[in-house]
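Asks: Sequence:
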Amino acid sequence: MSWSDLLHLGDLSLTVPTGSAIAAWLLAGRAWRAAAGWTLVFGCTLGLVAASKIAFLGWDAGVPALQFKALSGHATGFALAFPTLCHVLAARLAPAMRRAVTGTALALAAVVAAALVHAGEHTPAEATVGWLIGIGAFVCAVRLTHDAPPAPRPVALACAIAAFIATAWAIRWLPVGYWLIKLALLLSGNHAPFPWDQDG
6 MSWSDLLHLG DLSLTVPTGS AIAAWLLAGR AWRAAAGWTL VFGCTLGLVA ASKIAFLGWD
66 AGVPALQFKA LSGHATGFAL AFPTLCHVLA ARLAPAMRRA VTGTALALAA VVAAALVHAG
126 EHTPAEATVG WLIGIGAFVC AVRLTHDAPP APRPVALACA IAAFIATAWA IRWLPVGYWL
186 IKLALLLSGN HAPFPWDQDG
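With my numbering applied, the sequence shown covers 6 to 205.
Hints are computed from structural coordinates only; laboratory data are not their basis.
Where a beta carbon is used, it is the ideal one built from N, C-alpha and C, also for glycine.
Keep in mind that a hint or two might mislead.
To be verified - Pair ranges (Cβ atoms, derived):
(1) A66 / P159: 43 to 49 Å
(2) P159 / D65: 28 to 34 Å
(3) H151 / A70: 20 to 26 Å
(4) W37 / A112: 30 to 36 Å
(5) P180 / V160: 42 to 48 Å
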């Protein structure tokens, strides 16, 4: 697997359907509070990423000294969604095995962040901060879902797959970048967004 393949693991087209599948899995197990908590954490984390991008596009907000313009949505989303998915799916495993599975997922999230930097998609600061925020959100998600009863596998798996497919299909038609720019211009009153590749 190449660096470019790794960084695409953090695409919204994968992380959002994964988040939806996790919620469906928890709901199938009647873990209402865990599902609500997960949805809140996931939504707030994605909202934070969107806010950072809007702030840059509309007001040139960032930290030039660190070459930081906005959070890496890929690094943040993957560091939250994939480890949480592994943690939830490994609920029936022995605690040590569950920790090993989750730890491997967290390590892969770090590799995805590194791939983003290697490919020039984000600066080290953007990828690292995004990864750290994703990890922090993951810790919150674990605390909210740790006591969720194991879901009935056939039913939960069917619900999770259906949610993943439906969300993946829907997000194909949502031009996220376009609407972030439109919202940034509306809020800032500017006629054009600040470009990502500007110097200084």
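Asks: Confirm or reject each hint.
Replies: Structure-based check of each hint:
1. Between A66 and P159, the C-beta spacing of about 48 Å keeps the proposed range 43 to 49 Å intact.
2. The hinted window of 28 to 34 Å between P159 and D65 is violated, with their beta carbons roughly 52 Å apart.
3. Hint check: H151 to A70, Cβ distance near 39 Å, so the stated range 20 to 26 Å is violated.
4. In this structure, W37 and A112 meet the distance hint of 30 to 36 Å, their C-beta atoms being roughly 32 Å apart.
5. At about 34 Å, the CB distance of P180 to V160 disagrees with the hint of 42 to 48 Å.
Against the hints set out earlier in the document, violations occur for numbers 2, 3 and 5.
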